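Just so you know, the protein sequences line up as chains X and A, in that order. So the first sequence is numbered by the numbering used here: it starts at 10 and just counts up by one. So the second sequence is numbered by the numbering used here: it starts at 10 and just counts up by one.
Each hint should be verified, as a subset may be incorrect.
Identical chains blur together in the list; that is why a pair holds if it fits in one copy or across any two.
Unchecked claim - Cut-off 30 Å, straight-line C-alpha distance, at most; resulting in silico cross-link-like pairs (BS3-like, lysine-lysine):
#1 Lys257 x Lys103
#2 Lys257 x Lys17
#3 Lys128 x Lys158
#4 Lys193 x Lys17
Keep in mind the hints are simulated off the structure, nothing from the lab. Here the structure is a predicted model, which is why all the values come from computation and not from measurement.
Below, each chain spelled out in residue letters.
2 protein chains.
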Amino acid sequence: MISVSVVKELQQVLGPIRAENKTIGFVATMGALHEGHQSLMKQAKQTCDILIVSIFVNPLQFGPNEDFDSYPRQLEQDKKITKSAGCDVLFHPKELDVYPDGPTQTIHVNQGASVLCGKSRPGHFDGVATVVLKLLSIVRPHKAFFGQKDAQQLAILKQLSKEFFLPVQIIGCPTVREKDGLAKSSRNMRLTRNERELAPKLYQALQEAADLSVYNVNELIAYVTTELQRIPVGEIDYVEAYEYPSLKPIQQPVGTVILALAYHFSDARLIDHILINYNRGDA
Amino acid sequence: MISVSVVKELQQVLGPIRAENKTIGFVATMGALHEGHQSLMKQAKQTCDILIVSIFVNPLQFGPNEDFDSYPRQLEQDKKITKSAGCDVLFHPKELDVYPDGPTQTIHVNQGASVLCGKSRPGHFDGVATVVLKLLSIVRPHKAFFGQKDAQQLAILKQLSKEFFLPVQIIGCPTVREKDGLAKSSRNMRLTRNERELAPKLYQALQEAADLSVYNVNELIAYVTTELQRIPVGEIDYVEAYEYPSLKPIQQPVGTVILALAYHFSDARLIDHILINYNRGDA
Chain X
10 MISVSVVKEL
20 QQVLGPIRAE
30 NKTIGFVATM
40 GALHEGHQSL
50 MKQAKQTCDI
60 LIVSIFVNPL
70 QFGPNEDFDS
80 YPRQLEQDKK
90 ITKSAGCDVL
100 FHPKELDVYP
110 DGPTQTIHVN
120 QGASVLCGKS
130 RPGHFDGVAT
140 VVLKLLSIVR
150 PHKAFFGQKD
160 AQQLAILKQL
170 SKEFFLPVQI
180 IGCPTVREKD
190 GLAKSSRNMR
200 LTRNERELAP
210 KLYQALQEAA
220 DLSVYNVNEL
230 IAYVTTELQR
240 IPVGEIDYVE
250 AYEYPSLKPI
260 QQPVGTVILA
270 LAYHFSDARL
280 IDHILINYNR
290 GDA
Chain A
10 MISVSVVKEL
20 QQVLGPIRAE
30 NKTIGFVATM
40 GALHEGHQSL
50 MKQAKQTCDI
60 LIVSIFVNPL
70 QFGPNEDFDS
80 YPRQLEQDKK
90 ITKSAGCDVL
100 FHPKELDVYP
110 DGPTQTIHVN
120 QGASVLCGKS
130 RPGHFDGVAT
140 VVLKLLSIVR
150 PHKAFFGQKD
160 AQQLAILKQL
170 SKEFFLPVQI
180 IGCPTVREKD
190 GLAKSSRNMR
200 LTRNERELAP
210 KLYQALQEAA
220 DLSVYNVNEL
230 IAYVTTELQR
240 IPVGEIDYVE
250 AYEYPSLKPI
260 QQPVGTVILA
270 LAYHFSDARL
280 IDHILINYNR
290 GDA
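The following block holds chain X by itself, in its conformation from the complex (with noise of 0.2 Å):
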């Protein structure tokens, strides 16, 4: 495995892998990575010649009381994760290697990114857009993997890749979860023996509401949020219901419906989600 922190550096790597027409298959992650990231890398490695990962806390996504300073970094375990995943190029900038110039033009993302998580955070999907442009224009994959945990950003960068023309299949891979469902996720460490006791009941409100077969959207809505009210640590962030992956709000019970929410422990916000199938037929 290649690894590589400045720009000019990776473009003389790829150079010669581009000339021989590989198909390289790009993971971008902010490292601290845990099973869900080595699953994007799986996948990617099945269906391309040339794994590249990246790993970059991009400070433009985090808001002013966020964590951007908290969040994990373990560069050295990270290396060892993605080199034992294959990974050929591991891109791994400083923040004057993205934004050499501080963020001079950014992206704005006008539709999906008022709703769910970026109520809460505005600005994050600006950033995560902004920095995925960046990253997708300096590695020029052909296929990007992202996880389907993250299902709001998912949305915003297919959308991004169809909006600029980008000449890369955004691709997403479906949620890693614990054995008692809990979703994978970097900030998971941050919870406490308690609140990692009590984290699954979040994915188990879900899918509970899902097994209703409801179609009415606020029932479905006040089920998990009566059922998060019963955690005894914590606080809910939201839960809501759209369309997905338009993220507007529902019309009528028809299409898939992304019920979300987000959940607040002491010092972890956790997200899930889950995708619920409305057929002509139900309705």
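Fit chain A to the given chain X structure using the hints.
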């Protein structure tokens, strides 16, 4: 010359050209082509194997009270001009080709967009940067040619390319002028005969100011303002000076300064500028 309006069609035309590793030169226009555009095409032809020209009147860069509807459109005449300039592929997309879902994600220019034309045209450079990123992404040229006449636009597009690591060289080409000094512009055709006679005074004022050889930009601005006030019709939009290409306020009289103006005639707002170099030895 091949003429296409659909993105997919363009990609089919460009496929073999890319496969042959030919260098692609690109001139993005809003049509109503004049000698300024012809000079861009000429420079592209001289340095690239293939010349692609786009004609697209971009709604996103016009404000609600601007001249989007009345902007001159003359596709058939423009086709003749591009053909005789040696254009290989003319791309004239429809609005839905460029913005299939409306502008769901756009570029926001955080630096250099609030001065000069940006002050009276809020959102203008966001619209310019957004459409140019789209066009560059569709065409994927090696070199893209823009007029130095739109100096603020050129500076912002060079920064766009740098900020998003675009694999394209943004090349500024000298302003083409009428014999009497008036900068060529598609909007000149909307001047009355009287205005057309007076319009050369814009550039004359800039030249005279530059010839004063003073280091105090306030004096330069005052000189140009006084000269423009002598024009019996129309009114000044702005006369300003900044460091170039950063478009930051002038800190010290060293380096390149842009002295720029915009002037409203009855049915046409014209811009012009002059670049003044202050060497360390002058100060």
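Evaluation of the provided hints:
{"no.": "1", "hint": "Lys257 x Lys103", "in the structure": "between (36 Å within a copy, 26 Å between copies)"}
{"no.": "2", "hint": "Lys257 x Lys17", "in the structure": "between (40 Å within a copy, 28 Å between copies)"}
{"no.": "3", "hint": "Lys128 x Lys158", "in the structure": "within (18 Å within a copy, 42 Å between copies)"}
{"no.": "4", "hint": "Lys193 x Lys17", "in the structure": "neither (33 Å within a copy, 39 Å between copies)"}
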